[in-house]
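Whenever a hint applies, use it, and build me the whole structure from the sequences.
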Amino acid sequence: MKKPKLLIVSRTTIYHHQAGGVETQLENLLNYLKDYFDILVLTTALPRKTGTWKTNQTRVFKGVKYTFLKDTLPGEYGYSLYEALFWQIPFKRNTNSLGKSFRKKAGEYYKK
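Numbering (the UniProt record's numbering), first residue to last: 1 to 112.
Each hint should be verified, as a subset may be incorrect.
Computed spacing ranges between beta-carbons, pair by pair [stated by the list, open to error]:
1) Glu76 to Lys2: 31 to 39 angstroms
2) Met1 to Leu29: 19 to 27 angstroms
3) Met1 to Thr50: 38 to 46 angstroms
4) Arg48 to Val9: 15 to 23 angstroms
5) Lys54 to Met1: 19 to 27 angstroms
6) Trp53 to Ala19: 15 to 23 angstroms
Under the rule of at most 20 angstroms between Cα atoms (straight-line distance), these lysine to aspartate or glutamate pairs were calculated in the EDC-like manner [as the list claims (entries may be wrong)]:
7) Lys65 to Asp38
8) Lys5 to Glu27
9) Lys2 to Glu23
10) Lys62 to Glu27
11) Lys49 to Asp71
12) Lys49 to Glu76
For the record, the hints were derived by calculation from the structure and aren't laboratory data.
Cβ atoms here follow ideal geometry from the backbone N, Cα and C, with glycine treated the same way.
Written as structure tokens, this is what we have:
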């Protein structure tokens, strides 16, 4: 039987700079839920010693898929995180009510 999909959004995980209470709670939750759901965790960029990632980084750790969003600060909230998340989540909407730049960017993203 195919598992239902579950999307979890978190600014930080145990794979970022440090693991504290939030990261540990998330890890415990994921370890339990992965038996029942096909999980995708959307989170901020994976830490890197120099520079920034040019593309989103996807990794699978302990049976859970993580997408680390480029152009976001590792483990930090910020406008760039929410902007990046917005383009990751497919949705249907009346695009005539949106600006031309939105339709152009959405078209470029979903052209893949």
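>> Check whether the Cα positions of Lys49 and Asp71 lie no farther apart than 20 angstroms.
In response: 15 angstroms, holds
>> Please check whether Trp53 and Ala19 have a Cβ separation lying inside 15 to 23 angstroms.
In response: 21 angstroms, holds
> Has the given pair, Lys65 with Asp38, been kept, meaning a C-alpha gap of at most 20 angstroms?
Replying inline: Roughly 8 angstroms between the alpha carbons, so the hint for Lys65 and Asp38 holds.
> Are Glu76 and Lys2 spaced within 31 to 39 angstroms by their CB atoms?
Replying inline: 35 angstroms, holds
> Measuring from beta carbon to beta carbon, are Met1 and Thr50 in 38 to 46 angstroms?
Replying inline: Holds: the Cβ-Cβ distance is about 45 angstroms, inside 38 to 46 angstroms.
>> Does the beta carbon distance between Lys54 and Met1 stay inside 19 to 27 angstroms, or does it fall outside?
In response: With a Cβ separation near 38 angstroms, Lys54 and Met1 fall outside 19 to 27 angstroms, so the hint is violated.
> For the pair Arg48 and Val9, does the Cβ-Cβ distance stay inside 15 to 23 angstroms?
Replying inline: At 21 angstroms between Cβs, range holds.
> Is Lys5 close enough to Glu27, meaning Cα to Cα at most 20 angstroms?
Replying inline: 17 angstroms, holds
> Given the hint that Lys62 pairs with Glu27, does the C-alpha gap stay at or below 20 angstroms?
Replying inline: Holds, because 10 angstroms separates the two Cα atoms, which is no more than 20 angstroms.
> Does Glu23 lie within 20 angstroms of Lys2 when you go C-alpha to C-alpha?
Replying inline: 28 angstroms, violated
>> Holds or violated: Lys49 and Glu76, Cα atoms, limit 20 angstroms.
In response: 16 angstroms, holds
> Regarding Met1 and Leu29, is the given constraint of 19 to 27 angstroms on their beta-carbon distance met?
Replying inline: About 22 angstroms separates the Cβ atoms of Met1 and Leu29, which means 19 to 27 angstroms holds.
Hints 5 and 9 from the list above are not met by this structure, while the remaining hints are.
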